[in-house]
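K.L.:
Chain by chain, the residues run as shown.
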Amino acid sequence: KNCNNDEKQYVGFATLPNQVHRKSVKKGFDFTLMVAGESGMGKSTLVNSLFLTDLYKDRKLLNAEERINQTVEIIKHTVDIEEKGVKLKLTIVDTPGFGDAVNNNQCWKPITDYIDQQFEQYFRDESGLNRKNIQDNRVHCCLYFIPPFGHGLRPVDVEFMRALHEKVNVVPLIAKADCLTPNEIKKLKDRIREEIEKFGIKVYQFPECDSDEDEEFKQMDKELKECTPFAVIGSNTVVEARGQRVRGRLYPWGIVEVENQSHCDFVKLRNMLIRSHMHDLKDVTCDVHYENYRAQCIQEMTSKLAQDNRMESPIPILPLSTPDAETEKLIKMKDEELKRMQEMLNKMQQQMHEKDQ
Amino acid sequence: MAAAAAASHSNEEKRNLNLGGHVGFDSLPDQLVSKSVTQGFCFNILCVGETGIGKSTLMNTLFNTMFENEEASHYQNSVYLRPRTYDLQESNVHLKLTIVDTVGFGDQINKEDSYKPIVDYIDTQFENYLQEELKIKRSLFNYHDTRIHICLYFIAPTGHSLKSLDLVTMKKLDSKVNIIPIIAKADTISKSELHKFKIKIMSELVSNGVQIYQFPTDDEAVTEINASMNAHLPFAVVGSVDEVKVGNKTVRARQYPWGVVQVENESHCDFVKLREMLIRVNMEDLREQTHARHYELYRRCKLEEMGFKDTDPDCQPFSLQETYEAKRKEFLGDLQHKEEGMRQMFVSKVKETEAELKEKERELHDKFEQLKRLHQEEKRKVEEKRRDLEEEMNAHNRKKVAAETLALAQPLKKDKDRRKPLNTENQSGVSASNSKVMMAKASVEPLNCHSWWHAIQCCTCLVHNATWKPGGLF
Chain A
1 KNCNNDEKQY VGFATLPNQV HRKSVKKGFD FTLMVAGESG MGKSTLVNSL
51 FLTDLYKDRK LLNAEERINQ TVEIIKHTVD IEEKGVKLKL TIVDTPGFGD
101 AVNNNQCWKP ITDYIDQQFE QYFRDESGLN RKNIQDNRVH CCLYFIPPFG
151 HGLRPVDVEF MRALHEKVNV VPLIAKADCL TPNEIKKLKD RIREEIEKFG
201 IKVYQFPECD SDEDEEFKQM DKELKECTPF AVIGSNTVVE ARGQRVRGRL
251 YPWGIVEVEN QSHCDFVKLR NMLIRSHMHD LKDVTCDVHY ENYRAQCIQE
301 MTSKLAQDNR MESPIPILPL STPDAETEKL IKMKDEELKR MQEMLNKMQQ
351 QMHEKDQ
Chain B
1 MAAAAAASHS NEEKRNLNLG GHVGFDSLPD QLVSKSVTQG FCFNILCVGE
51 TGIGKSTLMN TLFNTMFENE EASHYQNSVY LRPRTYDLQE SNVHLKLTIV
101 DTVGFGDQIN KEDSYKPIVD YIDTQFENYL QEELKIKRSL FNYHDTRIHI
151 CLYFIAPTGH SLKSLDLVTM KKLDSKVNII PIIAKADTIS KSELHKFKIK
201 IMSELVSNGV QIYQFPTDDE AVTEINASMN AHLPFAVVGS VDEVKVGNKT
251 VRARQYPWGV VQVENESHCD FVKLREMLIR VNMEDLREQT HARHYELYRR
301 CKLEEMGFKD TDPDCQPFSL QETYEAKRKE FLGDLQHKEE GMRQMFVSKV
351 KETEAELKEK ERELHDKFEQ LKRLHQEEKR KVEEKRRDLE EEMNAHNRKK
401 VAAETLALAQ PLKKDKDRRK PLNTENQSGV SASNSKVMMA KASVEPLNCH
451 SWWHAIQCCT CLVHNATWKP GGLF
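Sequences listed follow chains A and B, in order. For the first sequence, the positions run 1 to 357 when the UniProt record's numbering is used. For the second sequence, the positions run 1 to 474 when the UniProt record's numbering is used.
Derived from the structure by calculation, the hints contain no laboratory data. Mixed in with the good hints, there may be bad ones.
Said to hold, decoys possible - Only pairs whose alpha carbons sit at most 16 angstroms apart, straight line, appear in this in silico EDC-like list of lysine to aspartate or glutamate: (1) A:26 <-> A:113; (2) A:84 <-> B:30; (3) A:23 <-> B:219; (4) A:87 <-> B:26; (5) A:27 <-> B:220; (6) B:137 <-> A:83; (7) B:35 <-> A:208; (8) B:135 <-> A:83; (9) A:26 <-> A:82; (10) B:349 <-> A:343; (11) B:163 <-> B:219; (12) A:23 <-> B:218; (13) A:76 <-> A:136.
Stated by the list, open to error - Here are some chain B residues pointing at chain A (derived, C-beta under 8 angstroms): (14) 19; (15) 20; (16) 35; (17) 90; (18) 91; (19) 221; (20) 275; (21) 280; (22) 284; (23) 351; (24) 353.
Since the model is a prediction, treat every value here as computed from it, not as a measurement. We treat Cβ as the ideally placed atom computed from N, Cα and C, and that holds for glycine.
Can you make the complete structure from the sequences, with help from the hints?
P.N.:
What follows is the structure, given as structure tokens:
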């Protein structure tokens, strides 16, 4: 065997990343994306543009009178797509009817309920005895479409995002951006960013890039962060522009190209959502939102069980893991009592000794 | 062009779609990999084998590092496990390696319990992970995983078969950890002997139902190599950190008078195969198996033990709620019981102490009474003696008066007699000589007081060794 110096020192665990890569490709990935916003904001079109496919064939759109008392539905579309050997099970969660009724009070409730349901399902599965094939239906990202026609966020936008920001990664988008000039877009973005800050909405934050990344990457990362919320345009049609066939919208005054960075932020969104941060979105969902849900759930359960005996507790948690406040107090009191009695005993013993002498 | 598969869209139906262009999610594995690299990896190896069989040397050889190790002694009372953690790095990959040694394995005369510390250690690591998983506020993503991913079982190169201890231990371990058996110090076995030895070992393992780790053959990329390696088990290894010059290269080897055994020479031993399988090809699979199979089995058993039953497909939250309730009641009951027990213990202790105290008091009281009686006794005696003495005094006085009256009748004769003894005057006008006479008559012990008057008043001066000197008592 040819043993040069390099090989001699080489143990071989540097192949671990490759092993991980190989296994992950074999296992495949899954991702759940939720889109929310009023009807006609271009959600379906955007999803089709993002994944270069047509998910929404043959759907029926309601007309205005049918929508007066519309309730929000939750519709899931699941597709298996593959690219270069990498399999992805993509689930798109649609929320038709959101914001369409005349009275939209609490119209986000079905959505938050749905997200909570997925968390609960996962919680039960994770706590069961047989965990072989758990399906992960938790929502990893929610794209929220803000209409471009106003001067910033409307009350329903604020309420919706605030109801969701601690349950799911919220990515706000400015929809139908082809009705705004670049200046208008900039003003609107600044305005929206301000209002997000003002109302304390926690939208999805891109993770800081490592300090050892190259300058180009860091620059790109900075630009990406300054560009939020993304102003997007979607299209189901292919048009001819500058000699190429591209996705775009044909107007009398010109052609809007979806994938042209100077026309809109679609490419940035796609890169962020799919090419660079998809896994991070999943991680934040698992490590932050789900863990918060779980912790809250358990605490509610234990305090409720302490008060009243009729609550569902389907999961195994150790009764001893974290004693609740009451038990702790009791334990403390008993401890102190014990201590006092011990001291008295000691004193008596001492007295006895003295008497002896 | 977008060409969608013809399928009606419903809520749950899955479809395969063809993409109209490059979307870009093929970067997903890379995203995952870059995250894992940033996080770092960890790997835990357990080495089970007799003292001196070459465990530490093999680890040094495998990882090309001198891990600090003193030789273990043969005189341990029982087996104990010694984990050591090291941080290694190769190109940009960080590995937190923990090597757990079984110290004292195989040394005791009675080895019936040798496997217990090992099983306990493995279970403890599982338990720690389970505890973390069941916490309310948990952080699984940066939890330092100490579960054992691989157990290297070192078989002594006897050339015949497995030892009884080996069989017993491996049977206890095979459901808890991935086992790779290896033949240690393989440079004492010749090729033909080795072949027979390997066959014998494998057949013994199979016939006793010991499940050792099989390299996975379900992934096309590594099926071939894994399948061929599976046939070479158990690996016959030689470890060495010494370097020997062979030809024009320096290799790790063992130098004998009859030749040089090269560690990395595939025709000399299976070290390269072991390294390939353990580190370069299947490390990730070992970690997965530990988590998905062995840990899940432990968890299920543990939870069932605690009384949790699984739910049926049409999930009845009822049964689990009941068991949870029951567990809770039990726990509270236990707590109360313990409280009672402690309270009773305390009460009984207090009673005991009180009783002792009373006893002591009584004793003291008795003693006091006794002393008092003695005291009174003594006082009485002294009173008596005083009275006696007074009587004597009176008698003497009378005699004196009588004598004086007589003396007046015959003065000359008496004066001569009176000049000899010293005439010390004392308070009551009686001379010391008369005191002595008095004392002799009364047969009272000499006093150490200045005068008999003092003596009588002080009853504690009934002392035996006073000295009588002319002039008084001293």
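K.L.:
Now tell me if each hint is right for this structure.
P.N.:
Quick rundown of the hints versus the structure:
no.	hint	verdict
1	A:26 <-> A:113	33 angstroms, violated
2	A:84 <-> B:30	13 angstroms, holds
3	A:23 <-> B:219	8 angstroms, holds
4	A:87 <-> B:26	8 angstroms, holds
5	A:27 <-> B:220	13 angstroms, holds
6	B:137 <-> A:83	38 angstroms, violated
7	B:35 <-> A:208	13 angstroms, holds
8	B:135 <-> A:83	39 angstroms, violated
9	A:26 <-> A:82	12 angstroms, holds
10	B:349 <-> A:343	13 angstroms, holds
11	B:163 <-> B:219	35 angstroms, violated
12	A:23 <-> B:218	11 angstroms, holds
13	A:76 <-> A:136	14 angstroms, holds
14	19	5 angstroms, holds
15	20	4 angstroms, holds
16	35	6 angstroms, holds
17	90	4 angstroms, holds
18	91	5 angstroms, holds
19	221	6 angstroms, holds
20	275	6 angstroms, holds
21	280	4 angstroms, holds
22	284	4 angstroms, holds
23	351	12 angstroms, violated
24	353	6 angstroms, holds
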